[in-house]
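Protein chains in written order, with our numbering: chain A, 1 to 325; chain B, 1001 to 1325; chain C, 2001 to 2370; chain D, 3001 to 3370.
Please keep in mind that the hints were generated in silico from the structure rather than gathered at the bench.
There's no promise every hint is true.
What the hints assert, rightly or not - Derived lysine-lysine pairs resembling DSSO-like cross-links, with alpha carbons at most 27 Å apart:
1. A:Lys245 with A:Lys195
2. C:Lys2211 with B:Lys1047
3. B:Lys1047 with D:Lys3160
4. D:Lys3366 with A:Lys321
5. C:Lys2291 with C:Lys2054
6. B:Lys1003 with B:Lys1195
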Amino acid sequence: MAKLTMVEAIRQAMSQEMEQNERVILLGEDIGVNGGVFRATEGLYEKFGENRVFDTPLAESGIIGSAVGLAMNGMRPVAEIQFFGFIYQTMDQVCGQAARMRYRSGGRFTVPIVIRAPFGGNVRAPELHSDSLEALFLHTPGLKVVIPSNPFDAKGLLISAIRDDNPVLFLESLKLYRSYREEVPEEAYSVPIGKAAVLIEGENATIVTYGGSVPMVKKIVEEYKTKGIHIELIDLRTISPLDIKTIKESVEKTGRLMIVHEAVKTGGVGAEIIARINEECFYSLAAPIVRVTGYDTPYPVQTMEDDWLPNEARINEGLVKLLSC
Amino acid sequence: MAKLTMVEAIRQAMSQEMEQNERVILLGEDIGVNGGVFRATEGLYEKFGENRVFDTPLAESGIIGSAVGLAMNGMRPVAEIQFFGFIYQTMDQVCGQAARMRYRSGGRFTVPIVIRAPFGGNVRAPELHSDSLEALFLHTPGLKVVIPSNPFDAKGLLISAIRDDNPVLFLESLKLYRSYREEVPEEAYSVPIGKAAVLIEGENATIVTYGGSVPMVKKIVEEYKTKGIHIELIDLRTISPLDIKTIKESVEKTGRLMIVHEAVKTGGVGAEIIARINEECFYSLAAPIVRVTGYDTPYPVQTMEDDWLPNEARINEGLVKLLSC
Amino acid sequence: MKLEEGVKTMPKTYEVKPDMVQILNEDGEVDKDLFLKLNIDNELLLTMYEWILKGRVFDKKFINLQRQGRIGTYGSFAGQEAAQVGSALAIKKQDWIIPSYRETVVSLIHGVPLNNFLMYFRGHFGGTRPPKNVNMFPIQHIIAGQIPQAVGCAWASKLKGEDSVSTCYFGDGATSQGDFHEGLNFASVYKLPVVFFCQNNQWAISVPIEKQMGSETIAQKATAYGMKGVRVDGNDVLACYQVATEAMERARSGNGPTLIEAVTYRLGSHTTADDWTRYRSKDEVELWANKKDPLIRFESFLKQQGLFSSERKAAIVSMVEDEIETALAEFETVKPAPAYESFDFAYDKPDEDLLIQKEELKRRIKSEGR
Amino acid sequence: MKLEEGVKTMPKTYEVKPDMVQILNEDGEVDKDLFLKLNIDNELLLTMYEWILKGRVFDKKFINLQRQGRIGTYGSFAGQEAAQVGSALAIKKQDWIIPSYRETVVSLIHGVPLNNFLMYFRGHFGGTRPPKNVNMFPIQHIIAGQIPQAVGCAWASKLKGEDSVSTCYFGDGATSQGDFHEGLNFASVYKLPVVFFCQNNQWAISVPIEKQMGSETIAQKATAYGMKGVRVDGNDVLACYQVATEAMERARSGNGPTLIEAVTYRLGSHTTADDWTRYRSKDEVELWANKKDPLIRFESFLKQQGLFSSERKAAIVSMVEDEIETALAEFETVKPAPAYESFDFAYDKPDEDLLIQKEELKRRIKSEGR
Ligand SMILES: Cc1ncc(C[n+]2csc(CCOP(=O)(O)OP(=O)(O)O)c2C)c(N)n1
Ligand SMILES: Cc1ncc(C[n+]2csc(CCOP(=O)(O)OP(=O)(O)O)c2C)c(N)n1
Ligand SMILES: [Mg+2]
Ligand SMILES: [Mg+2]
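Chain A extracted, bound-state conformation (with noise of 0.2 Å):
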């Protein structure tokens, strides 16, 4: 088993199913000869050829909108946004059609897309390339969303939505795609969606995240348990659908719940946990449900963005708060 970047495993999981389902066809922005901006296309273009690989024009409504006709004609494509901030041009393509035209058609066709995108911040991108917009997402029926954290996930998971009969936004945080390396099996395996993974067990209370926040978080959680307070962590894997049942269980056996996520915090995916485990467990909380997200603003310049995200202090704080009533 090889040790594998996240990027690296993205890229595996591509050329994995590409091999085996020769209807399976990349297009984006500088994903062919280039290897895309980020590299997760390396190496493609040459493997399979410039019938299996496009390099398209920029445009990112014409990518989703050729991608939905792709897919509706027999074709299994997946697209790259090459910044998630530039999903905003395709929004009526996404929303208004891939996941509208199963509904539309009455079952008649589906839309097999999915659309890759690197997101998140940290990283000291210019202006629309850090943003997390995954709640509009959440907010539209007939899409899927998929935000993996680990190597290991993001290969399964990529898979899982190339294989799936429904159009699926796979976001890849920016930050962790080469932050380490783990063991990642040769073979195709799939992850499924729509599970979120408890990755630390704890009784004192519950942190939800997910993607480019989830290795920090680890990180306090850890801490914490030295000294003697066990946090259970769960990374949700996936936006849409919701693992509510995970969640749930979690906040009956802790009481307590903490959201973090990059996102700005007024309509963010944190809301609608927060309004689910009201709906499920409400008499099982002990205290508020506390969000750590970005603040109310647009996303911030390089030499604010460490303060504007969820950070650790930031984070330790919000626990303090959690902890304490």
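Assemble chains B, C and D with the ligands onto chain A, guided by the hints.
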């Protein structure tokens, strides 16, 4: 004082602001000669001429994009998006551009645009003509989102929106456009953005809603009153910024909260209200907060929409639950 | 002095003059030489006529049904039958059709059953489900949304090595959308087997073509993509058929996409919810309703050819009317599917949460005895 | 038989051949007749040269600073100086400039201070705040997002009756975006005083022009809008200046928009995060770095005109380098504004909730002694 329908009140607001400030112009599809497909701008082309009221080409991103440029160079454009479902085509210009321009330019530019769009269900419209997508904009810092539920507020809020220096999304319930008339002062007046209205006072429970659902909920609340159950009814009026203070004060009194909106449940405005109430006055809650909303599917066809939307049966069912525990 | 006055390598203005293909003129006279060279036999002529007529009758009937409150809002296509019939008859079984919302005759020709339209215009779930054996996308309500999808569809055919051309329908207003541009650009880059068939009916609801675009024609927009652009008389079914056939042959033989501008006219209102008297003159409409009308024109041509029979016409008219009346009368007794039945179509499988929502709704509907 | 072979009213293909305005050729030779007729005096020639040179030096210096880790990711514009300088010098004080992210020389010419670039490339808040007295939009990171905005800006000038032309900059890749199309269409419909200045540097990151579009030129895309389209040698500063001046005159006198395609080349990588060797050949780059280079070309012209002084050149080079070095050394001691200071810029006034968030952050930052 004349009795006006909501669409007449909206028209009057635009007309008066245009009289008052020559920098106010209107642009949109079919808003000129035709007076808008819902007649919201009827007569304004004739009154103000072709240099104030523009029939644009059929391109929503172009409409909002040019409105942004118009605003940055000193105009106060009021843009109509013919149906809110077409807002998807404008997401970058609205969320990526208008909402961020002040921030991006460090205060050098403001973008005083108003984006008017009819929305909401129960009107037997085709696909993507009834969707309630306001939550997408709740999650977008830099925007304000206003949703009136009656002629008086519609006029006063639209005047505030036009005078506001921030981009304002102004959503007009299709089913309330002509559903009834009420007294509306002749003169220009403003209703403040960001302030909810307590329509009916009560102490047994609180219902928060907005837009098209208000009259229906009002009727239910009045029925309950005759049964001796006093429900406080709050009309949000503004979605962003959210007037959590008013909701909080009510919940502190009643201990029970229901939220009603047409938008799909997951990731909707209701989720954020629940999250905030959880944060602000968790210990005041006597029961889980209840959401009665659109279901988590694409907005359905005409024969299904009345069952899919919040309706009396569903709200009553929710109230039984809310009041029983 | 201006550079343009003095320099040899003068900047090109890239101006083009409009020019329109026509075989059958407004007086019903055919360009004989030309017509003889085309492969259009009498049978095809009669088929063309039949569909134009059926379309016209269908349209009238549906407008009436809407007035009677028996169907919901209806979008008339009267005046555009020649453009639709001419292009549709050039499309083969293995080809793909990607419509907007006005291509009713195209759909009928290619086997979408009347029942779909009854379902659709009465708001039943499934009205926009194209039958399994018809290569057609569902009705599209987002202007130009279907254009990049049509490009993707053609791309798939090409990648799979299938002999299939995709024809994408849209209106003059749609050409203003970003998706029009992005779609045509993709098609030109990948030289895809797709035909962009624009019915320029000169109005986008109340917006006339000169407020819609700065160009004199839509065909010239093909220049932006290095694509072939053709302007055709959209009320001349022969020219529409021929131009579409040639575009499809080009596409089929690997010579890439074509943009066809069929100049036609919407005789009625945008939909039954619209009122054309608010924005256009009676004179303008009269002109197109008489002299330029595709049905009148084609009838007078058939008369010259000795192919017209007024009995046959009457028979078709009453057949179509009866068929619709009978089908509708029957359909009016059909209870719409309950709302919860649509919950299975949001995803391939509803997840647990959605199933709970479905059950909740089902329980309520059942409890109300519906 | 094909219709196109037999019919007189043949469908037009609307094909155009590329054609490029050039005054100063690649060997540094000027078209004398032409040049004499232009209103370009020696002072202007020297100004042009100075800015081209300053641009080149600035660019080199900033690439070095990035390599030293003293600034963040940097986007080089080397090779495009003539296009930027030529067009920028045609823009007047009362005009508006709507840039993308690569128009560094344009900004410098029009008074954006060096400090803005230091702030910007070091990630400080306010780096994209254009100074009050400069009619310029902030740097735009969304490809083509600025195009409809530029159209709106020109529209406002027209409505206010101001003598102001808006110039919008973008690249070849931007022409594929829907916003390009929607913007140009609006401009053509309202005949707005706007100049679309496309720097066709032939690459959009790794995507070459022939994968970007099906058309041979970008200028011909103007045809789609009934707009004037001009193709100009973007490495010939004289031609760029003249073509831009004429376009602005047209715009200023109410004759509507122009699309200018300035054919140039990006000599470096897309940004310092990119590596051009992955997608293009050394030979190609060599060609443009030597024979076609705008600086070399203009220098040899100035030499012929007796206007070149190597001392002056050396003086400018060291002046620019020193200025940047000094300014940066000073700026490196400037503490970035704390994150909470930016909270006042989301809205005109932060609401209560945002103020609470701001205070929370302020308290934390203060408590950490920052
Ligand atoms: C994205 C979008 N914007 C606006 C509309 C509203 N609308 C429906 S039809 C129409 C006019 C379309 O004109 P055209 O493309 O010429 O087609 P026609 O109706 O004339 O066949 C408009 C503005 C829409 N459905 N979708
Ligand atoms: C909407 C959007 N899509 C993609 C990108 C990523 N991106 C940044 S620059 C660039 C290439 C732009 O090419 P071109 O327009 O030719 O300008 P150039 O960089 O060559 O000056 C791309 C794809 C972006 N910034 N915005
Ligand atoms: Mg039309
Ligand atoms: Mg370029």
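Each hint tested on the structure:
no., hint, result
1, A:Lys245 with A:Lys195, "holds, 9 Å"
2, C:Lys2211 with B:Lys1047, "holds, 20 Å"
3, B:Lys1047 with D:Lys3160, "holds, 19 Å"
4, D:Lys3366 with A:Lys321, "holds, 20 Å"
5, C:Lys2291 with C:Lys2054, "holds, 20 Å"
6, B:Lys1003 with B:Lys1195, "holds, 24 Å"
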